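Given chain R's structure and the hints, the job is docking chain B onto it.
Residue numbers (my numbering), protein chains in the order written: chain R, 1 to 265; chain B, 266 to 531.
Quick caveat, the hints were computed from the structure, so don't treat them as lab data.
A quick note: this is a predicted structure, and the numbers were derived from the prediction, not measured.
Where a beta carbon is used, it is the ideal one built from N, C-alpha and C, also for glycine.
Treat the hints with care, since some could be wrong.
To be verified - Which chain R residues stay away from chain B? Per the calculated CB distances, all over 12 Å, these:
no.: 1; residue: E37
no.: 2; residue: G46
no.: 3; residue: D70
no.: 4; residue: K120
no.: 5; residue: L124
no.: 6; residue: G141
no.: 7; residue: L168
no.: 8; residue: T172
no.: 9; residue: R173
no.: 10; residue: E179
no.: 11; residue: Q206
no.: 12; residue: P215
no.: 13; residue: D227
no.: 14; residue: S231
no.: 15; residue: D234
Claimed, not checked - Dumping the calculated BS3-like pairs for lysine-lysine here, alpha-carbon to alpha-carbon at most 30 Å:
no.: 16; chain 1: R; residue 1: K107; chain 2: R; residue 2: K189
no.: 17; chain 1: B; residue 1: K522; chain 2: R; residue 2: K133
no.: 18; chain 1: B; residue 1: K445; chain 2: R; residue 2: K133
Here are the chains, one letter per residue:
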Amino acid sequence: MGRSKISVRGLSKVFNPLKGNPVVALENVNFDVEEGEFIAIVGPSGCGKSTLLYMIAGFIQPTKGEIIVDGRRINSPGPDRGIVFQEYALFPWLTVEGNIKYGLEEKGLDQDEIDEKVSKYIRLMGLEGFEHKYPKELSGGMKQRVAIARTLAYEPEILLMDEPFGALDAQTRELLQEELLRIWEETRKTVLFVTHSVDEAVYLSQRVIIMTCRPGRVKNTVNVRLDKTLSREDVITSREFVETRHKVWVDVREEVMKHYCIVEG
Amino acid sequence: MENEAFSGAERAVSLNLRETIGSFISSAYSILVIAIVWELVGRSEIVPYYFLPPLSDVLRSLVVHIADGTLLYHTGVTLFRAMTGYVIASFVGVSLGLLMARFKSANWFFEPIVALLLPLPPLTLVPAFILWFGIGHLSKIMMVIVACVFIITASTYHGVKNINPYYVWSARSMGTSESKILRKVVLPNALPFIFNGLQVTLPISLIAAFVFEMVSGGSGLGSVEIYSARFFKAPELYSSLVLITLVGFIFDRIILKIRSRILSWY
Numbered sequence: 001m002g003r004s005k006i007s008v009r010g011l012s013k014v015f016n017p018l019k020g021n022p023v024v025a026l027e028n029v030n031f032d033v034e035e036g037e038f039i040a041i042v043g044p045s046g047c048g049k050s051t052l053l054y055m056i057a058g059f060i061q062p063t064k065g066e067i068i069v070d071g072r073r074i075n076s077p078g079p080d081r082g083i084v085f086q087e088y089a090l091f092p093w094l095t096v097e098g099n100i101k102y103g104l105e106e107k108g109l110d111q112d113e114i115d116e117k118v119s120k121y122i123r124l125m126g127l128e129g130f131e132h133k134y135p136k137e138l139s140g141g142m143k144q145r146v147a148i149a150r151t152l153a154y155e156p157e158i159l160l161m162d163e164p165f166g167a168l169d170a171q172t173r174e175l176l177q178e179e180l181l182r183i184w185e186e187t188r189k190t191v192l193f194v195t196h197s198v199d200e201a202v203y204l205s206q207r208v209i210i211m212t213c214r215p216g217r218v219k220n221t222v223n224v225r226l227d228k229t230l231s232r233e234d235v236i237t238s239r240e241f242v243e244t245r246h247k248v249w250v251d252v253r254e255e256v257m258k259h260y261c262i263v264e265g
Numbered sequence: 266m267e268n269e270a271f272s273g274a275e276r277a278v279s280l281n282l283r284e285t286i287g288s289f290i291s292s293a294y295s296i297l298v299i300a301i302v303w304e305l306v307g308r309s310e311i312v313p314y315y316f317l318p319p320l321s322d323v324l325r326s327l328v329v330h331i332a333d334g335t336l337l338y339h340t341g342v343t344l345f346r347a348m349t350g351y352v353i354a355s356f357v358g359v360s361l362g363l364l365m366a367r368f369k370s371a372n373w374f375f376e377p378i379v380a381l382l383l384p385l386p387p388l389t390l391v392p393a394f395i396l397w398f399g400i401g402h403l404s405k406i407m408m409v410i411v412a413c414v415f416i417i418t419a420s421t422y423h424g425v426k427n428i429n430p431y432y433v434w435s436a437r438s439m440g441t442s443e444s445k446i447l448r449k450v451v452l453p454n455a456l457p458f459i460f461n462g463l464q465v466t467l468p469i470s471l472i473a474a475f476v477f478e479m480v481s482g483g484s485g486l487g488s489v490e491i492y493s494a495r496f497f498k499a500p501e502l503y504s505s506l507v508l509i510t511l512v513g514f515i516f517d518r519i520i521l522k523i524r525s526r527i528l529s530w531y
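Excised from the complex, chain R in its bound form (with noise of 0.2 Å):
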């Protein structure tokens, strides 16, 4: 076991709105990633998931704690990390092939080089014929598929995904869960997707880390061992995914329960 790919020590963050009390969206999480491994972070809405994922991007700075990346800690965005957001962060301006291209004309790799890469992710996304479309001439599913191939195109280590699919209607949404798991299969990027969905994170991903209610903390880490080669329907209803599932789901719930508390009482 070599150090670890994403180190989280302590991380705090408190949000001082102009009015009101401070909010408190995290505290002392604790956890580490390995290189290559796909965790999953689920936990009720408003539990801190997707500002934990915004501040190991670099765009949020924490109140407390931090964040070490391949033993360096991070304090800006950095293409090491690529991100992938719930929708609407396609650049409108620019067709498919412009928004593919951005990053790896940020990168500044040569004609060639880039023309090579748009094509082959054009190719792995399955975007052959809409090179030249716009997003807004897109459906949800086409959009996430060109914000996955844009961030796949410049080639980051890490993966943060903030409820990339939770947009999109049933069928996409299965379908592009496979493609992202065949995708990680290949590259064995190290992927930190975040859902609020229990079966998309047992399905996904390797270790599900479970985010209590607000103020968010770590409250369970559950590890999945499923046989990623077999199909769709030969996971789901293996017995390891509906024990790891319900495990999950039993956390999740007393979570959600919790918070409905604090909210409606």
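What follows is chain B alone, placed relative to chain R:
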């Protein structure tokens, strides 16, 4: 066989032409109706000639004065004033809007000024502008600038402020430096808003120049109209009106064309 294909192609061409003419006539239908009613009312002598001469007389006067160069000269003068002011207002307006949106201190200083001057009817400044800038080109150009600049400033400001933070985050995570964010993300995002401002102010620039010319006289289409009215030269009066309407229409079409070319993604 060859013959058949040829006639087929010919038919397609003539069909195409007929369609184009047809669509033009159908889209200009209401205009045609107004033109015919105008002509009939003018000929019927229900209204005095100097109130509303028949359209054909107006068009004849239009052709005569275009041919002798006077109308072209005055149209040129009005266009020169409106366009010079418009271009300056565009540059100043966009720059000021960007500045205010990006720098708190600029916003602190200019925001009250813009807030105060934006709702001010610019033509109330005509007497003062005649005193300050005379009755030549300068006063009209200044009026066009004042009438347009704050609208463009406001639309630019809102375009910049309206940015989706995920766009900025995406760009930063892909390695775009803070200094390049403006050009690569903020500006393209603000472009539709900026265009709204440019589109709204284009006819305003013509109005400002035209009305100022009506008040101050001298040259330009506005002065032609006011002199014609003063001497009951009805056909001349209406021909300058027809001309300014046409100019406004053509400009509107041009900016729409540019917009759909540049903002096809929007």
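Of the hints stated earlier, which fail here?
none
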